[in-house]
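*Asks:* Listed here are the chains, written in short residue letters.
Protein chains: 2
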Amino acid sequence: MKRPTIADIARRAGVSKGAVSYALNGQPGVSEATRKRILSIAEEIGFNANSAARALSGARARAVGLTLCRPARILGIEPWFMGLISGFEAELGARSYALTLQVVATPEQEVEVYRRWWGERRIDGVIVTDIRENDIRIPVLLQLQLPAVVIGGPGDTGPIAQIWSDDAGAITEAVRYLVALGHHKIARVSGVPGLLHTQNRTKAFENVCAALGLDNAITIPADYTGEEGSRATRRLLIGGDRPTAIIYDNDVMAVAGLAVAQEMGLSVPGDLSIVAWDDSPLCSLVHPPLTALSRDISAYGAQAALELLNAIDGKTVGNVEAGRVHLTPRGSTAPPR
Amino acid sequence: MKRPTIADIARRAGVSKGAVSYALNGQPGVSEATRKRILSIAEEIGFNANSAARALSGARARAVGLTLCRPARILGIEPWFMGLISGFEAELGARSYALTLQVVATPEQEVEVYRRWWGERRIDGVIVTDIRENDIRIPVLLQLQLPAVVIGGPGDTGPIAQIWSDDAGAITEAVRYLVALGHHKIARVSGVPGLLHTQNRTKAFENVCAALGLDNAITIPADYTGEEGSRATRRLLIGGDRPTAIIYDNDVMAVAGLAVAQEMGLSVPGDLSIVAWDDSPLCSLVHPPLTALSRDISAYGAQAALELLNAIDGKTVGNVEAGRVHLTPRGSTAPPR
DNA sequence: CCGCATCACTGAACCGGGTAAGTTGTGGGA
DNA sequence: TCCCACAACTTACCCGGTTCAGTGATGCGG
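Protein sequence lines correspond, in order, to chains A and B. By the working numbering, the letter at position 226 of the first sequence is numbered 226, and the numbering carries on one by one without gaps. Start counting at 1 in the second sequence, then tack on 337, and there's your number in the working numbering.
Possibly wrong hints are sitting among the right ones.
[As the list claims (entries may be wrong)] Where chain A lies over chain B, by a calculated footprint (3+ residues, C-beta under 8 Å):
no. : region
1   : 430 to 437
2   : 449 to 462
[Stated by the list, open to error] From chain A, some residues computed to sit far from chain B (all C-beta separations above 10 Å):
no. : residue
3   : L39
4   : S40
5   : A49
6   : M82
7   : G83
8   : T129
9   : D215
10  : S294
[As the list claims (entries may be wrong)] Subject to a maximum C-alpha distance of 30 Å in a straight line, what follows is the list of computed DSSO-like cross-link-like pairs (lysine-lysine):
no. : chain 1 : residue 1 : chain 2 : residue 2
11  : A       : K36       : A       : K17
12  : A       : K17       : B       : K339
13  : B       : K373      : B       : K339
14  : B       : K540      : B       : K522
15  : B       : K652      : A       : K2
16  : A       : K2        : A       : K17
17  : A       : K315      : B       : K373
18  : A       : K36       : A       : K2
19  : B       : K354      : B       : K339
20  : B       : K373      : B       : K354
21  : A       : K17       : B       : K354
22  : B       : K354      : A       : K2
23  : A       : K203      : A       : K185
No wet-lab data here; the hints were simulated from the structure. It should be emphasised that the depicted structure is a prediction, and the values quoted were computed from it without experimental measurement. Note that CB positions come from ideal geometry on N, CA and C, so glycine has one too.
Work out the full structure, taking the sequences as your base and the hints as a guide.
*Replies:* Written out as structure tokens, the structure reads:
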């Protein structure tokens, strides 16, 4: 039950190993007739090149790494990561690159995993998510010269490729929309404050609120979980001067906020309008369906994978903005009564 | 910027490559003093064994594969897979095994991926989910002699290890609970009918309903998505003889069902009780929170990973039942009025 | 008919770690 | 003092592709 090697093919074709290698890789050095013969033998005996041997002789490992650094209970429910992953796969799979996954607890562990993977030559590059201000992973990536692409930002990542979406523009659009509906008291429940895109969003939110003359434009920090989303919502709704609209940094917290409002006897959208960041089936699932800031997460992931493959090939890649974010109005937003 | 090899260590320690290999792997053949010296040099220069070279010389690839065969929009929202994955990681990471992921569209593609991975010696084994009746993957796994563990069932997988949970017992418990509350008309919205565990659940549901003398115990097949969940729920609720309780095969469909009930002006749990399969943050997020059939998905995944590692080591493994499923009553179930 | 370029291929080295077989050197027992 | 056993190594080859320097045959121009 030994798996076939190029030596087996060579023997059957009556040529040398080298010729088989050229034939299989579309290199010049063999005649068209021989190439066809070799390819048909390979097909016949179900040959697949041993990836270890290939990687050993200088070539690529043909795999990229992804570490996820969030507690399992958030990973599970957030559609974001799975959307991203299927986007990666679309591009990677087409080039028969494998995706290697590791769930870690801390950024320090993440760095350790990068070091190990790269040292073992297990991967050709990594996709870095949840980028923070002065992220400790960036200098390590540079030091290791490990090809990488950063998702989230924009921020300072030096020569490392970056994919980001226009969060500032999106939140501005959302606030303007709510103001157009007649809202004056708009609050926001944010994701983890340490993350770069959270900071970008917060800054943009404050800017647009100031520009439109809205006071009380408060941002309550949370952590993307339903529990924190509920807590933050309760804090906002029990106050004397309660907001008539809340923007949430993800869909999970928005759904939790909706439940809190219902539980407190407030009608959505009559008493409270809700906007969720990241449109997902979850948003259309609940009643009323949630107005959301939509973007094509899968396409985002696909683009990131493409940039990473370019970086691996040594092509210089820059700072790419992914497809636009747009507002999808649904039943959870209306003029305040 | 060349990455260090055992030859570098050998040179610095003034010994041969072989001695270094013995020292690093804890094999006899070097003195304790030399071993310590070699280990400290390895530590100092940040040595990591090239996984390709290691895999090439007969050893393990130290990676396992997982294919996900569901559309991205379901994968994203279902907490199930991410829970499973973080369970795998807990065991795999501890042994520095990598997890290689691939999203595919059809079982045929899945088989192709298995063949390629195994042919390339990229992985040592695979985790197989969403097992069907007469699953086409089973004979291929046997033919390739690819170590594997099947999640879901129980069913006939021959000598391949299997992890399953007592779905029949769980659904029996749920139905008995609803009957105890006073329900007589109980319906069910199932997952994809082709899957083995769906069939097991359907059979058990029919059995317990027959045993308790419930007629009209209808199962409507769906596909785990919110849309299908809504559709099935509407079909059940517009009928003349509408059920007072519905059991859903996953949390997503249950949440969709809740939204449909609210949209139709029915109160939950007053007019309709809802039970979700698989407890996840989603269930406690909505209002009212959903009564659920809970199980520790992460532990399930960890156990599967452990069984797979055993199978890879050539140990015989059998048919293992994972931790118990139990009913977690919440606000979505009550006596019918 | 010769010389040279080109093609189609062979042979062997190489990647980096694992390991069986061979070689020292040392100590202890008879 | 000799012999043997054993520890502590070294040597050399293996794994399975890739790649580069050669080699023989062929074609072609002059």
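*Asks:* Could you check the structure against the hints above and give me the numbers of any it violates, in ascending order?
*Replies:* 5, 6, 7, 17
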